[in-house]
Amino acid sequence: MTEHASAPLAGDAPFLIGEAMSGGYGTGPDILHGCTIAVNRGEIAVIVGPNGAGKSTAMKAVFGMLDLHSGSVRLDGQDITALSPQERVSRGMGFVPQTSNIFTSMTVEENLEMGAFLRRDDIRPTMEQVYDLFPILRDKRRQPAGELSGGQRQQVAVGRALMTKPSVLMLDEPTAGVSPIVMDELFDRIIEIARTGISILMVEQNARQALEIAHRGYVLVQGANAYTDTGKALLADPEVRRTFLGG
Amino acid sequence: MSDILNALVAITNFILIPATAYGSQLALGALGVTLIYGILRFSNFAHGDTMAFGAMSTILVTWWLQSQGIGLGPLPTALLALPAGVAATVLLVLVTDRTVYRFYRRAKAKPVFLVIVSMGVMFVYNGLVRFIIGPDDQNFADGARFLISARDFKQMTGLDEGLAIRSSQAITIVTAVIVVAFLFWFLERTRTGKSMRAFSDNEDLALLSGINPERVVMLTWVLVAALATIAGVLYGLDKSFKPFTYFQLLLPIFAAAIVGGLGSPLGAIAGGFIIAFSEVAITYAFKKVAGYLLPEAWEPDGLVQLLSTDYKFAVSFVILVIVLLFRPTGLFRGKAV
Amino acid sequence: HSNEIKIGVLLGFTGPIESLTPSIAAGAELAMTEVNESGLLLDGATVTPVRGDSTCVDASAATAVAERQITDDGIKGIMGADCSGVTGAVLANVAVPNGIVMISPSATSPALSEAEDNGLFFRTAPSDARQGEVMADVLMEQGVKEVAVTYTNNDYGKGLADAFQAAFEKAGGKVTISAAHEDGKGDYSAEVGALDSAGGERLVVVGYVDQGGSGIVRAALDAGAFDTFHFPDGMIGDALTEKFGDEIEGSSGQLPGTDSPGGDKFKELAGDAADASSPFTPEAYDAAALMMLAMQAAGSAEPGDYKDKIEMVANAPGEQIFPGELAKALEILKNGGDIDYVGATAVELIGPGESAGSYREITIKDGKIETVKYR
Amino acid sequence: MRTVFLFALVGLLFVVTGFTSSWNVALGIFNMGLISAIMALGVNMQWGYAGLFNVGVVGFVALGGLAAVLVGMPPTPDAWSAGGPRILLALLAGAGAVVATIALRRAMRPGWSRALATVAVLVVGFFLFRAILDPAVEAIEAVNPSSTGYLGGLGLPVLLGWPAGALLAAGAAWAIGKTALGLRSDYLAIATLGIAEIIIAVLKNEDWLSRGVKNVIGLPRPVPYEVDLQSSESFVARARDWGIDPVTASSITVKLAYAGLFALVLLALLWLAQMALNSPWGRMMRAIRDNETAAAAMGKDVTARHLQIFVLGSAICGIAGAMMVTLDGQLTPGSYQPLRFTFLVWVMVIVGGSGNNLGAVLGGFLIWFLWVQVEPIGLWVMELVTSGMDGGNPLRQHLIESAAHMRLLTMGVILLVVLRFSPRGLLPER
Amino acid sequence: MIEVRNMVKSFGGFRAVDDASLTIETGSITGLIGPNGAGKSTLFNVIAGVHKPTSGQVLMDGEDITGLAPHQLFHKGLLRSFQIAHEFSTMTVRENLMMVPAAQTGETLWNAWFRRGQIAAEERALAEKADEVLDFLTISHLTHELAGNLSGGQKKLLELGRTMMVDAKIVFLDEVGAGVNRTLLRTIGEAIQRLNRERGYTFCLIEHDMDFIARLCDPVIVMASGSVLAQGKADEIMQNEAVIEAYLGTGLKNKVET
Ligand SMILES: Nc1ncnc2c1ncn2[C@@H]1O[C@H](COP(=O)(O)OP(=O)(O)OP(=O)(O)O)[C@@H](O)[C@H]1O
Ligand SMILES: Nc1ncnc2c1ncn2[C@@H]1O[C@H](COP(=O)(O)OP(=O)(O)OP(=O)(O)O)[C@@H](O)[C@H]1O
Ligand SMILES: [Mg+2]
Ligand SMILES: [Mg+2]
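Protein chains in written order, with our numbering: chain F, 1 to 247; chain U, 1 to 337; chain B, 1 to 375; chain G, 1 to 430; chain H, 1 to 258.
Hints were generated in silico from the structure; no laboratory data involved. In this text, all values refer to a predicted model and were calculated from it rather than measured experimentally. Take the hints with a grain of salt, since some may be wrong.
Partner residues aside, some chain B positions facing chain U, computed with beta carbon under 8 Å [stated by the list, open to error]:
#	residue
1	185
2	190
3	196
4	223
5	228
6	271
7	273
8	299
9	318
10	367
11	371
Taking lysine to aspartate or glutamate pairs in the EDC-like style, the calculated list, with each CA pair at most 16 Å apart, reads [what the hints assert, rightly or not]:
#	chain 1	residue 1	chain 2	residue 2
12	H	233	H	25
13	H	76	G	301
14	B	174	U	3
15	B	170	B	137
16	H	233	H	211
17	B	328	B	340
18	B	243	U	142
19	B	309	B	268
20	B	267	B	238
21	B	328	B	370
22	B	243	U	136
23	H	76	H	63
24	U	110	G	429
25	B	145	B	201
26	U	110	G	290
27	U	154	B	227
Note that beta-carbon positions come from the ideal geometry of N, C-alpha and C, so glycine has one too.
Please take these sequences and the hints and turn them into a complete structure.
This is the structure in structure tokens:
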């Protein structure tokens, strides 16, 4: 087994990197202990790990939703550690949180519109794409998102993020609670998106399928990198399989 | 025949017109309350006094205009001064938000804290207004008082019942309708309006969608200030300006907002009318009307009054409770935090 | 100063009647300045008013304030309180226990006559019971047989309205409806609707001129429900004519007052220091004056001593004293003479420390208040 | 620790008042502080434990006061003979109508027919009620209106009025809860606010019950009267050796007596409240407050618990109300203003720290103290501001004139400042 | 154990559950799968008394329990977990568990005041039990953390933990797996089997992780657009064309080149 924890990434400088991040919520104890997450342009990076490892926290940190007391976040070479979340959005970052990730009182369509809030161009085509990806949403476009089923909510959430036409897309467990068929659809779509040069950074518990398609995988344990390698390699690592992927 | 007419006129003059006007006045106030609740998610007890402040600043300007001999002919000069009043009020609420509310918003405090804080603000405004203009009532209405006065009506129609419509009433009703329509359109259709709703729904996610919370909040306050001033001035024109009354208005205003469903503009106006009509109609003594309609023989000697006017307030609240029992979040399915 | 005497001015500076109180207080303080300027009180003592907020409605707060005035400021008497509710509380819980004299310019509730007061409580406003009868007579004489009544929903309004109704009906009149109105409410269409429907030759408005009372009149006029009214004291003041001018042409009313020139004297004395025509302002002047004169008569500012002198200085025999003549009065008393204080409202204390009350009947002519006669 | 410190601080406030102005004032404020604390305790139960937004406090306080009158005042025999029985009959009729309605609603299936039937029964019942009631009312109110004109009370010791107040308030709360507790947050709030208004309206206008706005004064006291003390040799003598003048001594004695009684009640209630909060019952309540759906799924009967806590809290407000009327020695319906008895109490709870009984008590004392003491502060500030200007200066006049309004302003500022620096209240829940 | 007859639940015009009939055998671990929006959670909510059914009935051991309130069902031994976690956020994790058991002496005021001793004893027992459960769920380090601060998955575990605090007859689990680490999910699976074997719990669980379903469940019921599409052993179901068409799909089309 190979320790890649803080090894520099293969190839050119990463498009988005949160480097050696340490921090926690408010005055609470640190959750992250010098953890590093990066993704190259047009690639897919997947974070896996036990519950409470700090995956979501790491994502939030990268998006500037909790203040780090050490470490930095760089987007396309520029340091954005100090930027506020919505500034990051305007710089082309999109994020789907793990929980409460839709506007429950607004209709599905309005949710998508809000996703495209910063866009000035015509959003129709993108919306059509989202509807093609998640047909069920087309039928429910006029329904308050709060009345949707768990899986449908998840689809709305991802759809919302797609609407931002981001240059890097961050997904926290996008497939939690969606049916296998939709999950496959979703992953397919994610691959396509990546092919168009958009970087994808996602947390997954359906780790096997996720690592399948990942260029790079991170295993977080207690807020620190335990393993870092290509998705394939991690899948192949029996230790990782046993302890994190459920055998 | 003319008896029937008289009866109708009486009812119109003593129930329909006053209730409609009063309803619109409540609705205008309720709109402000409902907007704050809808976007910033708390019941703002300072609204009554915000209205008072708005009215006051308008009055001061009005007086100045009047002293300059500037006026609007038949229309009250106050309308001319309104923009200035709005500006002043906007300033006030924005300062308040910066110094007071923002802190709790950042701290993600429970709504009830904001409610209590708004009470604090209420006290302060309360003192402020009395400080500047004093507690007595001020009259600043000018221009034509009536569209049609009871006397003229009697002369015109020869009926022995009068019918009076004050211009202030007319203005109020029209304004109310326009404002409601505007707000509805604004919140439901425009991008900005939607972003405000999004903010109220899920602040963090709004952030992630690139919506600037500070901007939303500011916009809300500006709207509220404008609404409060308009409501306050129109009310003052119709009745008279007295700080204490504006505080008293708070109760029926909230009732209106709640019956209609907090957060819904349409609800506000519907609520306003429900409260107003239940106050005016249910305690109305039908003696006179009955007198016109019934033959001499059966003319009632009692008042034919369901409840004495002492209970008009109680009545409107009974109605409110009943409505809520069937529609727990108001007629138009309001929010609840 | 050689010695300073403090007198509490306990009025509802905030709350429902906050707009009446400033001029009431001014009235009282007018008397005090007058006395100070004379410099004759108890060989050169000066009187200073100590204002306190009775809130008019919050009995607990009022008692606390009164308590403080007595123990902190060491006041020797209370000019107040205003609303009968708080007056009762302050009397029972503060004045009586501490043996402090209270003279209320405005608490008119008959109930207070029964209150347990150890001879410490007086008032310069006549009890409602009396005014009710007078009001009935006035209307009867004008040949008005049927009226609608609306009263402000507090002890003053209710008490007076009841007294009036009783007297009026005894005299053969008919009260078509007696409907309460709450002060400071947003809208009075409901009340006016009911009043109009009940009908009547006049609308009797037992309220306050800068409170619901005017609201009712305004609504009634606008809706064309009534165009002549009858007003008791609470409604009569310059504010009334300022607001309605000749709209209420031909309306009538009465308020405490005498043919004795006291009223007018007070008016000119007051000048713009106090609004002489606003309710209870003259009464306040008299209340304060009485208190100080009694002190002079007793030769002491101790409530225990001067409380018994109050009736003496207020009533005959003795030389009549009008507003602006306090110096003279002090002089007389100093020389052991006797006075009959008439003051601005022709004070005459009867029974349990109440003013007998003589009344001035008025009518509105050309948008002005005109005195018809005194009774 | 913080708790002890803060309580010491508030205690100090009173002591300082005692020395600087006088113990009479201090005790006076303290007594009302005790009552306020009890009210705050009641509201805190409803909001802090169960998240019930009750803004009808003033109503329950008023009911408590009514109970005190109905128990403590002597009966009016003439009034009773004039219309007492008939009143009772009318009340029975009213109750009957309500019961009938409920039975009816049980019996019939939901639908238009039921709705109509309900309305019909209620309307008929209402008119029947009025038909029986009105003459009786006329008769009773005719009995010497200026001093009685009402049925009077039972003439029992006024202390019994306190539990009675609790019962009366509890009864009302139960009825209200049965109907309105389905509502959430601000909707419940406004509903309770309205119901309170209704209660006050009844108190103001039903003269036969408690003289309405004509007020009931001269309520008998549970403690001796100052004047009696002053006239009792032994007392005066004792006062003399203590070296205090009898007048002050008497009023202080009386206030101490009240303080003792009130403190007793407060401590008892506080103990019960604490025990309840730190027990599985309290835990269940907090669970319900946090998430009703889940609590229900975990087998907790949410509706029943809500009703229970609503009744309890209201009962406590009722006691406080009765105590206050006893202290004032009078019932003045006109003085029951939401601002004073609902909002102020809420301020006490929130400033003190909702969910924390001690917090509520602390808030009760602190806020009441300020409510009374900010008035001189206001004046003082004004004088400070205007000290520079010469007497005649109109601005100075104006400012001094409006000094009274500094009271609310100061109050507001203080409230804002406190909440600014301890946003979750002085003694937060956790 | 549970029998659902012609259940219909419609929201406005939309029939979320459309004439669904199914039975859950005593002692079984029944899996309920189906596309998103098939009506699984709604069915759960109807059975658990959160929604009133539009029509149809629910029987428990032959007794009609349609429309009973959730807390009544709880006392009949029917427990459920929520798809979107419903923790008591201002209470500690341990308290979250301790509040569950029914008929605690301390839950009536009178006892809370006057039977302190007995309560103390009960509390001690409860605390121990809660700690066992937390150990079992591998989150004992969070015993005193506020439940509101838990991570998405930890909240799920807490949900499961609650059902383990009492002896239930039947437990409905709505997507315990979603967002739970797969290794941990295995343990949970074993836990479920153990509870089923040793304590005789009956389980009915909604899950989208087919391995998990296959490992535990027999039988498996498939819902689609509100009604039952198929029922049978896991492996049969996985072969079923209709099910593959509607739910399982055929795996990824694209593959990444790495
Ligand atoms: N808002 C918060 N305040 C305080 N602590 C928190 C908060 N949110 C999470 N934590 C703690 O931080 C740790 C990591 O949480 P995080 O949500 O990042 O875990 P995770 O890796 O996303 O787990 P999961 O896979 O279950 O989502 C957990 O122990 C949790 O208790
Ligand atoms: N309150 C509601 N109002 C209107 N429609 C609703 C409501 N709740 C659920 N629905 C609809 O009912 C359908 C079934 O929802 P349900 O939550 O039962 O699906 P599910 O089978 O649990 O799906 P998932 O596997 O995604 O949780 C969905 O299409 C949803 O949109
Ligand atoms: Mg997570
Ligand atoms: Mg579901």
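Hints not upheld, ascending by number:
5, 6, 7, 8, 9, 10, 11, 14, 19, 21
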